[in-house]
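Undergrad: Sequence:
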Amino acid sequence: MSISCWQTVNGQVVNVTTEEYPPPGTITKDTLYYSGARKLQWQDFTGSLTPGSFSAAETMPGFSYDAASIKKGDTIFVRVYLQVYFVRNESWVLAGEGNDYALSHEQIHFDIAKIAEEQFNDSLLKKSFSAEYYPIEIHFLYWDFWRKMTDWEQQFDTETHHGMDRAKEALWAEKVRKSLLSGSDLN
Numbered sequence: 476m477s478i479s480c481w482q483t484v485n486g487q488v489v490n491v492t493t494e495e496y497p498p499p500g501t502i503t504k505d506t507l508y509y510s511g512a513r514k515l516q517w518q519d520f521t522g523s524l525t526p527g528s529f530s531a532a533e534t535m536p537g538f539s540y541d542a543a544s545i546k547k548g549d550t551i552f553v554r555v556y557l558q559v560y561f562v563r564n565e566s567w568v569l570a571g572e573g574n575d576y577a578l579s580h581e582q583i584h585f586d587i588a589k590i591a592e593e594q595f596n597d598s599l600l601k602k603s604f605s606a607e608y609y610p611i612e613i614h615f616l617y618w619d620f621w622r623k624m625t626d627w628e629q630q631f632d633t634e635t636h637h638g639m640d641r642a643k644e645a646l647w648a649e650k651v652r653k654s655l656l657s658g659s660d661l662n
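One point on numbering: in the numbering used here, the residue at position 173 of the sequence shown is 648, and numbering is uninterrupted.
No lab work stands behind these hints: they were computed from the structure.
All the pointers check out, no bait thrown in.
Estimated spans, in silico, between C-beta atoms of each pair:
1. Ser-528 x Lys-504: 20 to 28 Å
2. Asp-626 x Asp-549: 34 to 42 Å
3. Lys-601 x Ser-579: 27 to 35 Å
4. Asp-505 x Gly-573: 14 to 22 Å
5. Arg-622 x Glu-649: 21 to 29 Å
6. Ser-528 x Asp-549: 50 to 58 Å
Each residue gets a CB set at the ideal place from its N, CA and C atoms; glycine is no exception.
Please model the entire structure based on the sequences and the hints provided.
TA: Have a look at this one:
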């Protein structure tokens, strides 16, 4: 659980806390939830080839949130549940293409989703929300970080030529590793 953010507006206080739920590392039939202690494995890719795709593998990562709130007196307590996920049945690998290098490339995509989620989390805890509009403000903030994630994913694939440029791939791997450790931006 993360530290709370408080703001008083017209005598009402908005208190935001965050929590990763389901717990990191949870695996269901179709979803794997991010854990720094567990890297992707080829058996996680249970989907079918996307028709017309030119890729050797495809990963479907992302992040989302759910929120619940309760008002007690002049305080609105908001709990935001964060999820970084890998959709197993929409992620696939071509037969014979499942090597360590390709898996590392797909892991970077999953790591980028985690970085976006961590930055969303940090922003949730730093931002002041209004008592009247906090659900909308949280939703807009989420979409800001979703766009960042998709921009980073596209930049990663463009600069590495979808993993074909090994030197650029190594640079991205280091940039992502540092960002995961420090919480820094990928730009």
